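**Student:** Chain by chain, the residues:
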Amino acid sequence: MASTQVLRRRIRSVQGTQKICKAMEMIATAKMRRAQDQAMTGRPYAERISQVVADLAIHSQVDGKAHPLLQKREVSKIAIVHITTDRGLCGGLNANLNRLVANFILEQTVAVTLITVGRKGRTFMLRNGQDIRAEFTGISDRPTLLETLPISRVVIDDYASGDVDKVYLAYPRFVTTMVQRPVMETLLPVEPTVVPPIQRVEYIYEPAPGAVLDQLLPRFVEMQVYHAILELIACEQSARMVAMRSASDNAKELIEDLILTLNKVRQETITKEICDISGGAEALA
Amino acid sequence: MATLRLEIVTAERTVFADDVSEVVAWGVEGQLGILPHHAPLMTMLQPGDLLIKKDDEEHYLAISGGFLEVRPDKVIILADACERAEEIDVERAEAARHRAEEILKTRPPEMDTAAAEAALRRSLARIKVAERRRRKKGI
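Residue numbers (our numbering), protein chains in the order written: chain A, 1 to 285; chain B, 1 to 139.
If you're looking for bench data, these hints aren't it; they were derived computationally from the structure.
Hints are not guaranteed to be accurate.
[Claimed, not checked] Beta-carbon label-pair distances, calculated as ranges:
| hint | chain 1 | residue 1 | chain 2 | residue 2 | range |
| --- | --- | --- | --- | --- | --- |
| 1 | B | Ala39 | A | Thr123 | 52 to 58 Å |
| 2 | B | Ala39 | A | Thr186 | 39 to 45 Å |
| 3 | A | Arg181 | B | Ala39 | 37 to 43 Å |
| 4 | B | Glu57 | A | Arg43 | 25 to 31 Å |
| 5 | A | Gln215 | B | Met111 | 19 to 25 Å |
[Claimed, not checked] Some but not every residue of chain A turned toward chain B, in silico, with C-beta under 10 Å:
| hint | residue |
| --- | --- |
| 6 | Tyr45 |
| 7 | Ala46 |
| 8 | Ile49 |
| 9 | Val52 |
| 10 | Leu56 |
| 11 | Ile204 |
| 12 | Glu206 |
| 13 | Val212 |
| 14 | Arg219 |
| 15 | His227 |
In this text the structure is predicted, and so the values were computed from the model without any measurement.
C-beta: ideal position from N, C-alpha, C; glycine also.
One chain only, chain A, in its complex shape (with noise of 0.2 Å):
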């Protein structure tokens, strides 16, 4: 059995572990709050702007040609944006995440390139010899829609150039604070919501209807690759505080553990040198 010294020097490195999980359970306690919140708060948005969309996208057709963002075409390369986070220890959140894409990457038969954002995932698709078109990392607690635009601007131009026929976005949603679910929508070409006839109404377009969805598209596009970071940021932050919470709940057990192990081996000693001495005198006797 292990020294009472070992186990004293065990124990307290363990309460050291303890004390980060917790300190960093408590900040992503507070970062949770304010991302959850920003996550919500750009929700309206995000719906607002899907409905013009799918009101626009009727009137387009109706036009005879759809918008270049619109128009489906054969796939003969995909794009992927894989959002995941910079930092880890965050559970199962990344792993998740790149399971879902790597899965996804194995059934295709054409080619696919991805756009990273976040530490995490790309290096896991460059340690899987996958092809990364562009990488984003440092993303802030707090992004502005202005830091996400530079994302957007290389997943419109490489659909509009031609590179790229299909574009997906991989990100973690957020549910509860508990569960997170990774995802894959479709971001390019864009799919919008079928509104069911009554609903139709025509509309007073200024300029034209092409001018207007030539300025909307692209910013439907961005509003969607934000949203998708403020939903990993929420999912970060959850999932990070939970799984500190287990950790620093698993480290007092240990600790519990240990210490009566310690207990345990300091009273063995004890006796033992108590059975020698009365042994000892009993011998003198």
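Position chain B against the provided structure of chain A, taking the given hints into account.
**Tutor:** Leaving out everything else, chain B in the frame of chain A:
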């Protein structure tokens, strides 16, 4: 009195959501006022001030571009950025204005003059809205 439901949302938040009696905004083809029961309309907005009339009160907001959609049930403004008068940082807007004017005056070849013009319009809209508020408070 008839009212219309107005929602102003930016990517970051919902700025305004209430029943109002009139909205006056700067569309790309000029200023337009929207009263209740307006025909469905879709337009792009240029940077400028936005007037909201509710009962007898008038509210001004600064908008840096976006879209305005009049639907049968409500009016939606998808703004790139939007501030209420009291939220505007006048000093920052003034600084942005000077910067933009400087670029437009000297026209350095490496700078994008179109972007500078847009920045100028945005800052002017903010200054205008903030000043109107200051004047109103002064009376």
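**Student:** Work down the list of hints and note, for each, if the structure agrees.
**Tutor:** Consistency of the hints with the structure:
Checked against the hint of 52 to 58 Å, the C-beta distance between Ala39(B) and Thr123(A) comes to roughly 54 Å, which is consistent with it. The hinted window of 39 to 45 Å between Ala39(B) and Thr186(A) is violated, with their beta carbons roughly 33 Å apart. Between Arg181(A) and Ala39(B) the CB atoms are about 42 Å apart, so this pair conforms to the stated range of 37 to 43 Å. Roughly 29 Å separates the CB atoms of Glu57(B) and Arg43(A), a value that falls within the hinted 25 to 31 Å.
At about 23 Å, the beta-carbon gap between Gln215(A) and Met111(B) stays in the expected band of 19 to 25 Å. Hint status for Tyr45(A) relative to chain B: holds, with the closest Cβ pair at about 4 Å, below 10 Å. The restraint placing Ala46(A) at the interface with chain B holds, with a minimum CB-CB distance near 8 Å, inside the 10 Å limit. Hint status for Ile49(A): holds, given a least beta-carbon distance of 6 Å to chain B, under 10 Å.
Hint on Val52(A) holds. Least Cβ distance to chain B is approximately 5 Å, under the 10 Å limit. Hint on Leu56(A) holds. Least Cβ distance to chain B is approximately 7 Å, under the 10 Å limit. The criterion of a C-beta within 10 Å of any C-beta in chain B is met by Ile204(A), whose closest approach is roughly 5 Å, and the hint holds. Here the hint on Glu206(A) is kept, as its CB sits about 4 Å from the closest CB of chain B, short of 10 Å.
Residue-level restraint check for Val212(A) holds (minimum Cβ-Cβ distance to chain B is 6 Å; threshold 10 Å). Against a cut-off of 10 Å between C-beta atoms, the interface hint on Arg219(A) holds, since the closest Cβ of chain B lies about 8 Å away. This hint holds: His227(A) has a C-beta 8 Å from the nearest C-beta of chain B, less than the 10 Å allowed.
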